[in-house]
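A.B. asks: Take a look at the letters that make up each chain.
2 protein chains.
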Amino acid sequence: MSSKKLTVLPLGGAGEVGKNMTVLEYDHKAIIVDAGLMFPESDMLGIDYIIPDFSYLTDRDDLEVLAILITHGHEDHTGALIHVLESFQVPVYATRLTAGLVEVKLRQAKLLNQTDLHIFKAGDTLEIGPFSVESFHITHSIPDCVGFGITTPAGLVVHTGDFKFDHTPADGWPPDFAKLAEFGKRGVLALLSDSTNAERAGWTPTETIIDEALDRVFQNARGRIIVATFASLINRIQQVANAAKRYNRKIAATGYSMVENIKMATELGYLDLPRDLVIPLDEVNRLPPEQVVIMSTGTQGEPSAVLSRLAKGHHRQLDIRPGDTVVMSAHIIPGNEEMVSRTINKLIQRGANVLYHPVEMVHVSGHASREELKLMLNLVRPKYFIPIHGELRQLTQHCKLAEAIGVPRDNIAVVENGTMIEFEDGRMAIGERVPGRYVFVDGMGVGDVGRSVMRDRETLARDGFVFAVLVMDGETGKLLDEPELISRGFVYVPEAEELFEDARERIREIVAQFPLNGNGAKKLEDRIESALKGMFQQETKRRPMIFVHVNLV
Amino acid sequence: MSSKKLTVLPLGGAGEVGKNMTVLEYDHKAIIVDAGLMFPESDMLGIDYIIPDFSYLTDRDDLEVLAILITHGHEDHTGALIHVLESFQVPVYATRLTAGLVEVKLRQAKLLNQTDLHIFKAGDTLEIGPFSVESFHITHSIPDCVGFGITTPAGLVVHTGDFKFDHTPADGWPPDFAKLAEFGKRGVLALLSDSTNAERAGWTPTETIIDEALDRVFQNARGRIIVATFASLINRIQQVANAAKRYNRKIAATGYSMVENIKMATELGYLDLPRDLVIPLDEVNRLPPEQVVIMSTGTQGEPSAVLSRLAKGHHRQLDIRPGDTVVMSAHIIPGNEEMVSRTINKLIQRGANVLYHPVEMVHVSGHASREELKLMLNLVRPKYFIPIHGELRQLTQHCKLAEAIGVPRDNIAVVENGTMIEFEDGRMAIGERVPGRYVFVDGMGVGDVGRSVMRDRETLARDGFVFAVLVMDGETGKLLDEPELISRGFVYVPEAEELFEDARERIREIVAQFPLNGNGAKKLEDRIESALKGMFQQETKRRPMIFVHVNLV
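From first to last, the protein sequence lines stand for chains A and B.
Counting from 386, one number per residue, gives the positions in the first sequence under this note's numbering.
Counting from 386, one number per residue, gives the positions in the second sequence under this note's numbering.
Keep in mind the hints are simulated off the structure, nothing from the lab.
Any given hint might turn out to be false.
With a Cα cut of at most 25 Å, we get these calculated PhoX-like pairs of lysine-lysine [claimed, not checked]:
#1 A:K785 <-> A:K768
#2 A:K414 <-> A:K768
#3 B:K926 <-> A:K490
#4 B:K506 <-> B:K570
#5 B:K918 <-> B:K863
#6 A:K926 <-> B:K490
#7 A:K863 <-> B:K863
#8 A:K768 <-> A:K390
#9 B:K564 <-> B:K768
#10 A:K570 <-> A:K759
#11 B:K570 <-> B:K759
#12 A:K390 <-> A:K414
#13 A:K926 <-> B:K495
#14 A:K389 <-> A:K414
#15 A:K495 <-> B:K926
Okay, the calculated bits of chain A under chain B, using three or more residues with CB under 8 Å as the criterion [said to hold, decoys possible]:
#16 722-730
#17 856-866
#18 872-882
#19 928-936
All of these numbers come straight from a predicted model, not from anything done at the bench.
Beta carbons are placed, not taken as given, at the ideal position from N, Cα and C, and that holds for glycine.
Isolated chain A, as found in the complex (with noise of 0.2 Å):
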């Protein structure tokens, strides 16, 4: 490779481009810009989480990784750093909440002693290597979230991170339009831009039109109010601890993280809660309903989180009563839409009045619409374009976008994770395909659950197995005893009997048929597997698993 080029590499699977991690690479040096995860599809059966394949950087000897820079505290860019941490340990940069919500992950970790942390503030410059990487501000669901304008001998590249351009953000704290101008103004090489929303016509709303509506919420609800959310929406916790002192309610959070957030961004200063707005879970029964706000978390439906035990009955100190009002204040990831519906109908079951998007404004995106993206490409005017942060069908819309406002096309690349992207004398080239897979995390497991084991999970979800153990007189041939059958998730055994009968009749005529001749049971195993698999077929239309086991003695 030579040494000239700038190199800048998306990572992750088929899922979102360059969303959880991206390389650059020049001069035989490299930073990382995000180590996310991202949540298993439900055909990802048994998965915990899912993170980038970044065997790439490991496997080159001539490489050396400098640094890890995040652009925000989400887990989608922080979520993998403990597994990036464990091949390199070098330098984390991130803005102090962000580096507060990377701590809890990395003690958890037990891997904080280790970890060289370093904070930096926006409109930081960071010296690494080859890089100068300009830190600046800008908004999205999250406080104190950067993009990065990295300069490299090849020119000047702009990473936008999550964002959209909220005028009247949470925080008050508006994106940071003059350096992106500056950038322009300077010449940029390269823009990367966050796509999640390219699908989306117009402006994305700011976040302050939630204070209306949770303003709204208040001033209807006449019981407890539950507002749940990601633990991570520091800016959401703020806009309800706002309504509540508005409205004489105390607040009292539930969910490990929703506690351990509250406190650190409390401690960092990104919360402002006085003192006594807060109060401990088990003092919440004894205040009158009007006096109390609960914030949970579980607005994807996760069974085991605080809403879905509430919604089910299933909560130790809680319990959801006809009067409440629940506040559904967070987007539905993709995948989720049917456990979230169930935890909607359940409340209502139980009598709580849910508001949720679209039928109040209790949520708005974090993300950029049409018209901002286009506000993006035209302050930093880059001679390349790379959409990231979306999948094949957003990038190709923020292409299209980029090419109405006069990106020639073939200054523009759409690519899949895993594809280099190159920049040498100021020319932008498509280089090769290096492993751009997903790594299931499985447990204790990372990448040993591989497509053998995702394949043998998908049929025993869909028609569980037959086991059939047969025990044989090695030298006469005869089963011992009456053959075996253990199976789960195929039919209901109790009602199955004569189904179950029919198959050992089948056995029994299998053995007595065809003689061992001395060489094993093998062929008697494969007989028996395939005769019992055709008989179920056709008895059921299903398709177990079927194993045979014989032993001789």
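Starting from the structure of chain A, add chain B where the hints point.
C.D. replies: Just chain B now, kept in the frame of chain A:
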């Protein structure tokens, strides 16, 4: 049960209330409105589809089911018919197109000859025992839809079916406002009205807005156009055909149900396709791309449907090429979002220009939005109101709408499936709950997959299983062979040899420590199972199903 009472009973599990089946009973005589299926949610593993539990009807010896009335030809209103007809060989009433779609199903199930299928026209009155059923034309996303005004000795009940108020439907046949207004004037005891879009503000756009969108698509497309939609969206097929005619393209259909439905709807006069407009699929490749439109199924990303196979390059006759335009002209059934997104991304990857809502207005909902729902309420002016065709969340919103226009809250019944609503002496009362569960259909099995089988499938899907087979001497208690471990879906076995060797070692230890003492092997099996469970959980943080089988010889 008093014989003067009219009972309305929605059936069908935790899903949309009365969507798939509603029973009206008077004087021990009942009619069934719709007999549809639901698609399984993503955690209903291996299930083909779901039907309402109508065991309440089969269990009632004193009840005579007189007829099944179908509102329109969609699967969620007709798909359980073959199962209901097994229990009740009663006449089925449907309009001509609906009957055509039903006939295709009955023929497949070899039930056509023995079914008494009555065809009526919207506006006809059907006299069925104590029920005088006035059908009225309504608009939705399929032609020939009706609702019913059902006069009983207890009063007039109006059932809207699925509807929206489309003044300019694709087939030019607007809703029968006069009939609805006449019902209102006559005096309606109860209205059952479609709540699907009760969360949606405003007025659902007319179907003809799609003509404009298709016109833009056809004008701009340079290569082939592939339009994916539901095979039952007869209107949409007509609209595509009209555009094809305008732009001198030929249409070819692909997919069994698409081909069959086009044939049937053309024969019945619901599709007006000039003879030379339609060509067989195998002639497509002989025409220049700009003269071709292909109609396909697969808008939900179903792996076996045509569109998914095209996206993956698995179709025998066709492939997606750069320059192709693919139009996704259907709504996404909740739960299918991920699969649809993957299909869109893969089509883009192959070079197609993919158009879908909201990028292009190529689909509109077939259900009434809030302003239309209010119009329905004000036309019919019912004394009592029962929101149907929605989950509790939509029913609750529909209830609020009705309250807002003056229906007293006590006159509104927001209920779940399996709840009887009784009318006697002009008054409504909520009656008892009857079984209103789902019945899972899996292969040949109807209802045999219940909670325990589903729980096993969930466990197997999450962490797989480990099976240990031991052969021991029943007298000495010694192992006659190495313990055998068989595992699927748990870990990648070739890389987990150490883990399994540890497990075998643990088994040998337990066998050595705990003698059989003559009581069979049950205790030993339990001990090994619990040891393996603990060991695997500690080593992998996974919990596979564990089975231990000891053969004593």
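A.B. asks: So, for every hint listed, does it hold in this structure?
C.D. replies: Verification of the hints:
1. A:K785 <-> A:K768: Within the cut-off at roughly 16 Å; holds.
2. A:K414 <-> A:K768: Between K414 (chain A) and K768 (chain A) the Cα gap is close to 24 Å, so the pair holds against 25 Å.
3. B:K926 <-> A:K490: holds (19 Å)
4. B:K506 <-> B:K570: Given pair K506 (chain B), K570 (chain B) holds - Cα atoms ~23 Å apart, limit 25 Å.
5. B:K918 <-> B:K863: Within the cut-off at roughly 23 Å; holds.
6. A:K926 <-> B:K490: Judged against 25 Å, a Cα distance of about 19 Å means the pair holds.
7. A:K863 <-> B:K863: Cα-Cα ~22 Å, so holds.
8. A:K768 <-> A:K390: Distance of about 17 Å is within 25 Å: holds.
9. B:K564 <-> B:K768: Measuring from Cα to Cα gives roughly 17 Å; hence the hint holds.
10. A:K570 <-> A:K759: holds (17 Å)
11. B:K570 <-> B:K759: Holds: K570 (chain B) and K759 (chain B) sit about 17 Å apart, inside 25 Å.
12. A:K390 <-> A:K414: The given pair, whose Cα atoms are some 11 Å apart, holds under the 25 Å limit.
13. A:K926 <-> B:K495: holds (18 Å)
14. A:K389 <-> A:K414: Holds, at roughly 12 Å.
15. A:K495 <-> B:K926: holds (18 Å)
16. 722-730: holds (count 6)
17. 856-866: holds (count 3)
18. 872-882: This one holds; 7 residues, not fewer than the three required, reach chain B with a Cβ under 8 Å.
19. 928-936: holds (count 4)
The structure agrees with every numbered hint stated previously.
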